[in-house]
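Undergrad: Here is what each chain is made of, one letter per residue.
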Amino acid sequence: MGRTLPSATQLMLNEEAALSRFRRALRRGDQLVFDDLFTAAQKHISAAAYAAHALPFETFLMAMLIEEHKEVMRLRKIIEVLQEMHA
Amino acid sequence: MLEFTGWLLDLFEDPREGLVLYFIDEDGARRRLIYPFPVTFYALGSDVELRALWRHLSNRPREITLRRTQRMDVFKRRMVMALAVTVQNPYEVSKVFRQTAAHFPHLEYADADLQVSLRFAAKTKAFPLSRCRVVADEDHKLETIDILEDAWVLKTMPIPLRIMTLSPDVAPHHARPHYLKAAIGDEEYHFDLQTWRPLLVNLRALIQRYDPDLLLTDWGDTWLLPRLLQQSEKYHIPLGLNREVGRGVSWHEERTYFSYGQIVYRGQQIHLFGRCHIDRQNAMLWDDYRLDGTIEVSRITALPLQTASRVSPGTGISSIEMLTALREGILVPWQKQQAEMLKPAADLFTADQGGLVYQPHIGVHKHVAQIDFVSLYPAIMVHFNISPETILPDPQGDNMVPALGLAIDTSQDGLVPKALRPLLEKRIAMKKYLASKPSWDPFRKNFSRRASALKWLLVTCFGYLGYKNARFGRIEAHQAVTAYGREALLRAKEAAEDLGFEVIQLYVDGLWVQHPDKTQPADIEPLLLEIQARTALPISLDGIYRWVVFVGSRQDKNRPVANRYFGVFQDGSIKVRGIDARRRDSTPFVSQAQMHLLELLASKDQPEEALPEAIAFLQERLRALRHRQVDLSDLLVRQRLGRKLAAYRTPSPAARAVLQLQSVGKEMRPGQRVPFLYTLGRPGVFAWDMPQRPNPQAVDVARYQRLLLRAAGIVLESWGWDEKRLTEKMLSDASQLKLPTLPKPHPEKHGHQVRRLTDSQASHALSGP
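Chains as they are written, first to last, in this note's numbering: chain V, -8 to 78; chain B, 80 to 848.
Bear in mind the hints are in silico, worked out from the structure with no lab data behind them. Mixed in with the good hints, there may be bad ones.
[Said to hold, decoys possible] DEER-style ranges, computed between Cβ atoms:
id	chain 1	residue 1	chain 2	residue 2	range
1	V	E62	B	L810	40 to 48 Å
2	V	L56	B	E576	25 to 33 Å
3	B	D367	V	E62	54 to 62 Å
4	B	Q432	V	L4	22 to 30 Å
5	B	G442	V	M64	26 to 34 Å
[What the hints assert, rightly or not] Residues of chain V placed beyond 10 Å of chain B at every Cβ, according to the derived structure:
id	residue
6	A31
7	S37
8	M55
[Stated by the list, open to error] Which chain B residues stay away from chain V? Per the calculated CB distances, all over 10 Å, these:
id	residue
9	A180
10	V232
11	R306
12	H462
13	E504
14	V582
15	P605
16	Q685
17	A726
18	L740
19	R761
20	E802
Just so you know, these numbers come straight off a predicted model, no measurement behind them. Note that CB positions come from ideal geometry on N, CA and C, so glycine has one too.
Same shape as in the complex, but just chain V:
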């Protein structure tokens, strides 16, 4: 549609395709984790598009990290609550 540059979604699909050999050689359980990470990165696809970074994969990694850290913070909260309940 008259684009000169690939869209961020397209870029992410490209990166995922570039890693397909890596993904194939993973154990099935690890493959699912791999897919989870890309799903997580997808949540920030518009931010990644806005950033227009020269190395888009770095942005995707950052997006994965954000989702990972959010999850860590969520779990830490839960543990604190549980510990207070048991104290």
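Here the structure of chain V is known, so what remains is to put chain B in place on it, guided by the hints.
TA: Then chain B, alone, in the frame of chain V:
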């Protein structure tokens, strides 16, 4: 006219007769026949140079005939013009060739340096030790020879070989032998090695009386035969070691070479004529092969028994390929002049890879099925037709190699697949036979030794595809094989996961899978069929482990390594890889103890139940060690000397042992194994082959204690007894028993180990300040 049925025992070139052949007639006679056998080599090059060569050789019409011809060059994939140089007597061919090659170094040569037995087998189909029907004329000149059993027959007629064994009472490099044991049939004789004259006279009489076909010796190549020959000359008592009159024995020099990253030493060799000599101590893989396996190698490689017993499997594979080429009229290059195809650097990333290997999860796994591809790489070569000449540089059609920019030409059978197919089929047939027969089957031993010989040939055939100097090697073919191998293994993994199995480990040609409900061989059958359907390669169930333990690396036990594990199959048999019990340099004291611990674990339904017994056993072993009740020979370490002595900056224990030997005039070469004991003080070792006896009190008990507990820790770690805990336990017992305390481990070893948090520490950290 002479006509008989028998076995071809030996054949060699002779200056007068051409070829001399020795046969074992089935009526008991031994027959010597002759055979005029002109042999041909080829020169290839420009017309001008070939004309010059023609002129150079044309003045010897009685010895040499010349002919212009077209031959198949497998690497160029077309017929090429060649000058055929036919030498009337095979005895002369190597000399004629050497002179020619020195005079015309720019020409290429083919079929130049082949064993005469290969040429004979290519022409007549008869190979060493083949059973055949022979017709000769009254001058004992061979007229026709027809084989009755080809090399691929499973159950062969036993050869009525007369075997004489000769062995000194002790290893001559270790101590001075006192007598020589000679055995033939049920009879055994002892000859005093101090009195040579009676020994020589009696030995000669024995050889004359029994006329053995095979002299099976210990240290015959390196010690016994040289000694016998020297003394026989001194006393003027010829022994008649050869059957062929008027020929001396043939000496082949010792050598040291690199193979698969290891340095290997082979002693000098002594070959006889008309009779065979095999030195059990210098023969290739004798412990696996025995005579059955060695005969098998000789038959399928068409190398004479004496040669076959001493060559590496790689040379064997080369011979099979050369024989196939000779039969097909394909040129066998003398020195290969062939460069790797040009490819972009990025392609090297995908091309230059080995097999696919996973990092296993460390620890115990229960009910794991081990599934192996049967001879994966040879099967790939045969099935996908991979051969140096079938690799097409420009990819086209649908025969693309996975992930490589190469394609395979499947329009005709390649040379390597053609050579390997019967070998592979025979191995699979033997494996099937062995799997289907009970343990008392009379052919079992014979088959398993021969199968082992086939296995080693098949294992090396892949390496020879990629070896730069192999005559029918080509690196792209090698890469294609590993690429297909990785693809096959991934497809197998996907098949397993699709059927609900968890993949525990992948290792080049095998996979370990686990499923909570599928724990019997019949449950695995559908998976085998599925993998076979997806890969088209033969696969078999090696067995189902009751439990299997993957252990970490020797440097850092938390780091997984691919091929270090032990486990117990459902039938109770134990499989061990990469740990002390398997390593050839570990001491018998340690490896036997480790194996015993494994047997203890295997003997119980739940391995945990064996722990008290295991601890008691270790205490008993340590007590025996402390009280010098362990045989010194069980404490021997056998390490390989890795390089020349001068090349060591800090000599390894093995090098220090060699230095000791040097001081008493015993020389060792790199690649030889040096047996020694660890002792107290300097130099910390005692070489076993020193003339004086070792002092049992000087044995470094603490060191052996450490080796034992480390090996025990590897086995027991998964059940809570690692080396550290074992050491503490033994130490506390030792203080009561007054055992020597263990020296502290070197502090460096703790430096980079990440401390693990205990549970209480973790919860403390989580709750925060």
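Undergrad: Each of the hints needs a verdict: does it hold here or not?
TA: Right, here's what the structure says about each hint:
1. V/E62 to B/L810: 40 to 48 Å: Given about 46 Å between the Cβ atoms, the range holds.
2. V/L56 to B/E576: 25 to 33 Å: 28 Å, holds
3. B/D367 to V/E62: 54 to 62 Å: Holds, at about 55 Å.
4. B/Q432 to V/L4: 22 to 30 Å: 26 Å, holds
5. B/G442 to V/M64: 26 to 34 Å: Check passed, 31 Å falls within 26 to 34 Å.
6. A31: V/A31 is indeed farther than 10 Å from all Cβ atoms of chain B, at 23 Å.
7. S37: 33 Å, holds
8. M55: Check passes; 23 Å lies beyond 10 Å.
9. A180: 48 Å, holds
10. V232: For B/V232, whose nearest Cβ neighbour in chain V is about 43 Å away, the distance exceeds 10 Å, so it holds.
11. R306: Non-interface label on B/R306 holds, nearest chain V Cβ at 59 Å vs cutoff 10 Å.
12. H462: 22 Å, holds
13. E504: Non-interface label on B/E504 holds, nearest chain V Cβ at 32 Å vs cutoff 10 Å.
14. V582: 6 Å, violated
15. P605: 18 Å, holds
16. Q685: 28 Å, holds
17. A726: The claim holds: B/A726 sits with its nearest Cβ about 40 Å from chain V, beyond 10 Å.
18. L740: Since the minimum Cβ distance to chain V is about 49 Å, B/L740 lies beyond 10 Å and the statement holds.
19. R761: 51 Å, holds
20. E802: Label holds. Min Cβ-Cβ 30 Å, cutoff 10 Å.
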